[in-house]
Amino acid sequence: MDLELAEVRESIAIVLEEQCTSLAIHAYVDGHNRLNAELQRQAAELGWLAIALPEEQGGIGLGAAGMAILHLELGRACAPGAFLATSVALEILARGPVADDEGVAKLIADVIGGTATLAVEARVGASLAGGSTWLLGEASAAAALIAGEGEDLVLVGIADGAIEQVSIWDETRSMISTDLSAAAPIITLVGMRPLFEGLFALALAADSAGAARGVLDRTVAYMKEREQFGRAIAAFQALKHRAADHAVHAIICEHLVWQAVENLEGNGPESRLWPLMAKANVTEKASKISTDCVQLHGGVGYTREYDPHLFLKRIRLNEAMLAANTALRDRANVALAEAVRNGADVLEVA
Amino acid sequence: MMIIEQKNDASVFRSAIRDWIKEALPNDWDALAERGTEDDHVEFQRWWFGERAKQGLAVPHWPVEFGGVGLGLAEQMIVADEMARAQAPMLDVHTVTLNHLPGTLIPCGNKEQQQKYLPPASRGTVWCQGFSEPGAGSDLASLRCRAVRDGDHYVINGQKIWSSMSRYAEHCILLVRTSTEGTKHAGISFLIMDMDTPGLEVRPIKQIDGQAEFSELFLTDVRIPVANRVGEENDGWRVAQATLSSERGLLAFEAGERSRHTMEAFYRSALDAKASWLEDDELRREFLTLLTDMQASRRFIRKLLKDHEEGAPPAVTAIASSQIKLFQTTLFQRIGDLIVRIEGVEGHFRRGFTPRRRLTGMTDFINSFGWTISGGTNEIMRNLIAERGLGMPRG
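Just so you know, the sequences run in chain order A and B. Just so you know, we're using the working numbering here: the first sequence kicks off at 1 and counts up by one. Just so you know, we're using the working numbering here: the second sequence kicks off at 1 and counts up by one.
Treat the hints as calculated values from the structure; they're not laboratory data. Check before you lean on any hint, since a few could be wrong.
Said to hold, decoys possible - No more than 35 Å apart at the CA atoms, straight line, and that leaves these computed lysine-lysine pairs for DSBU-like:
1) B:K22 <-> A:K224
2) B:K22 <-> B:K54
3) B:K303 <-> A:K224
4) A:K224 <-> B:K306
5) B:K54 <-> A:K288
6) B:K306 <-> A:K288
7) B:K22 <-> A:K313
8) B:K116 <-> A:K288
9) A:K224 <-> A:K313
Using the sequences plus the hints, can you model the full thing?
Quick look at the structure:
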């Protein structure tokens with residue numbers, strides 16, 4: 001399993017290194033190419049979106065670990081597209097009791113085939129009153145997962161008239177707003193909200209951990225090239241110590257992603273503790289790292305031309321999604337208290 | 001039957017250790033320690049070493065020929081894990097004995113040295129380390145303690161500092177300068193010194209917490225037989241690298257596991273007592289943040305141990321060790337800092353000697369500097385990570 005994971009991860013990394021270069025991303029955000037669509041076509045061919053799905057459902061069968069490596073690599077490359085929302089929603093639909101529903105089955109097939117994308121509610125359950133809500137996803141998304149009553153989720157169709165493209169700072173992803181009163185509920189997924197939130201948290205943590213690694217790698221490379229006072233700025237101890245701290249925290253981020261992977265399934269307190277805490281801690285660490293990476297670039301860090309701002313904006317959007325990290329910690333605390341009271345060991349590491 | 005004889009079945013081994021600790025260790029040992037002195041606690045640790053030795057659990061990681069059983073990593077982790085779980089006493093006084101001494105003598109010592117020193121060490125002789133000097137801390141290779149050859153002896157003059165447990169030690173691993181020619185690394189030799197040698201004076205240094213775990217060593221015409229040299233003359237720096245690389249890994253593992261249990265116990269008693277800090281949004285959330293970082297750090301340590309066992313190159317594991325040292329020790333400081341704020345005024349109450357069995361406000365916080373400064377300061381760790389890990393040029 002470990003070996004297969006490492007191989008699949010490497011294959012994703014190779015494709016992204018080739019396709020998703022810094023130049024290509026900058027051309028994309030300036031509207032000069034359709035890198036998102038090109039990546040989505042390739043992703044469909046290579047089965048990335050269905051990486052977690054069992055093989056009998058057309059997937060690669062890597063489960064939560066597959067989600068982790070996919071988003072670690074997409075984040076590291078700062079890859080544009082609707083991958084995060086689509087892969088999370090796809091996994092939920094495929095696992096749900098509705099996978100046999102004819103319409104849903106067709107939707108799943110379309111998504112795996114790369115002809116449709118999905119959206120998810122960016123701040124889950126933020127707008128139950130029936131007003132409008134924000135969705136992470138593209139305006140062309142076929143459907144969206146939003147919070148329903150209690151622990152339910154609702155799959156809603158996205159009506160053309162009822163959506164609006166939202167202009168966001170993260171130009172590598174797309175957000176839309178939709179009027180929920182005009183959205184047509186397709187089907188209710190009973191009791192699936194906790195798993196959805198865990199999976200969303202895992203994907204956000206992985207994307208952020210990958211992005212932290214990506215922006216740091218680029219910053220370290222820049223520090224070795226950029227000379228001032230007659231030497232590379234990487235030789236200055238005040239700067240290299242900051243880079244060393246970031247390098248350690250970036251590794252910690254990835255370990256937290258694996259903590260989430262191993263504790264995603266089931267109804268135990270660990271499944272309500274670790275994915276949410278991984279999202280909270282990783283997005284904050286990644287925010288700090290990417291903030292300082294802009295600073296370590298000096299003047300060019302403040303320009304559109306260089307990469308750090310792309311990562312910074314993406315990570316900060318990840319941080320804002322799902323729910324506020326303060327709220328996630330409060331929910332994690334409820335799970336921890338329950339576990340400790342019941343003598344359940346949620347801290348054991350395999 | 002000694003417990004170590006059950007090592008081949010992991011779950012039997014684990015429960016045998018667990019049951020034995022319950023039986024062998026007084027449950028209130030930490031309360032007794034708090035009422036006693038530092039010296040009492042050293043005696044207590046010697047006793048505990050002896051009890052462990054009776055079960056084959058003192059030096060199980062050593063090779064069979066020197067008194068161990070060559071215990072594999074997975075089984076060593078079981079021992080460390082069970083000691084941490086039971087919050088059994090640390091063997092602080094034996095740190096050098098258990099790790100640095102075999103780490104040096106097994107790869108670099110000769111047969112006579114191995115036979116002379118390792119078997120008694122496996123039964124609990126205390127060793128200390130004479131490496132740092134007032135002028136040679138992070139820049140260890142600039143050490144000046146001078147050794148001059150006189151027949152079959154070296155005559156040593158100089159000063160050593162931060163020598164932990166040297167007040168209790170029978171032997172010392174000592175770095176001295178035998179040459180001032182060439183680079184500073186090229187003139188260092190590695191010696192073994194008996195602590196009762198004439199001309200050696202040990203002066204305790206009072207620490208930030210009032211205890212005196214470490215001392216200064218003053219050496220005036222101290223005579224050490226040439227036979228006590230480990231490795232060749234002027235090749236001591238290479239030997240010292242072996243010594244220092246033995247320090248990490250399992251020690252970090254046990255420290256991480258102990259910290260996990262103290263944090264869990266702290267949280268459990270807060271729940272039981274309906275402690276007010278659990279209602280404080282900032283403190284409660286910060287606790288969750290730190291507990292989560294702790295979890296990541298424990299995973300990182302396991303990864304290092306696994307890589308090490310699978311034969312990853314030392315250059316790679318050395319960087320991971322530095323990264324873990326930096327993160328884990330900073331985390332201990334962050335935890336101490338939080339507990340100080342959680343405990344408020346009570347966190348400032350001085351207790352007796354505290355054997356680190358539970359989280360205790362200011363005591364943990366001020367002692368956390370021991371973690372961040374010793375074993376290579378965290379600033380040196382950052383240099384290593386940046387230069388060897390990230391490939392940045394030296395300043």
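Hints versus structure:
With a C-alpha separation of about 56 Å, the suggested pair B:K22 and A:K224 falls outside the 35 Å cut-off, and the hint is violated. A hinted pair counts as satisfied when its Cα atoms are at most 35 Å apart, and B:K22 with B:K54 qualifies at roughly 16 Å. Our distance criterion of 35 Å between C-alpha atoms is met by B:K303 and A:K224, whose separation comes to about 29 Å. With a C-alpha separation of about 32 Å, the suggested pairing of A:K224 with B:K306 holds against the 35 Å cut-off.
Simply put, B:K54 and A:K288 have alpha-carbon atoms about 51 Å apart, too far for the 35 Å limit, and the pair is violated. Straight-line distance between C-alpha atoms of B:K306 and A:K288 comes to about 30 Å, which keeps the hinted pair within the 35 Å bound. Straight-line distance between C-alpha atoms of B:K22 and A:K313 comes to about 54 Å, which puts the hinted pair past the 35 Å bound. For a cut-off of 35 Å, the pair hint linking B:K116 to A:K288 is broken: about 54 Å separates their Cα positions.
This hinted pair checks out: A:K224 and A:K313 have alpha carbons roughly 24 Å apart, not beyond 35 Å.
Hints 1, 5, 7 and 8, counting from the list given before, are not met by this structure.
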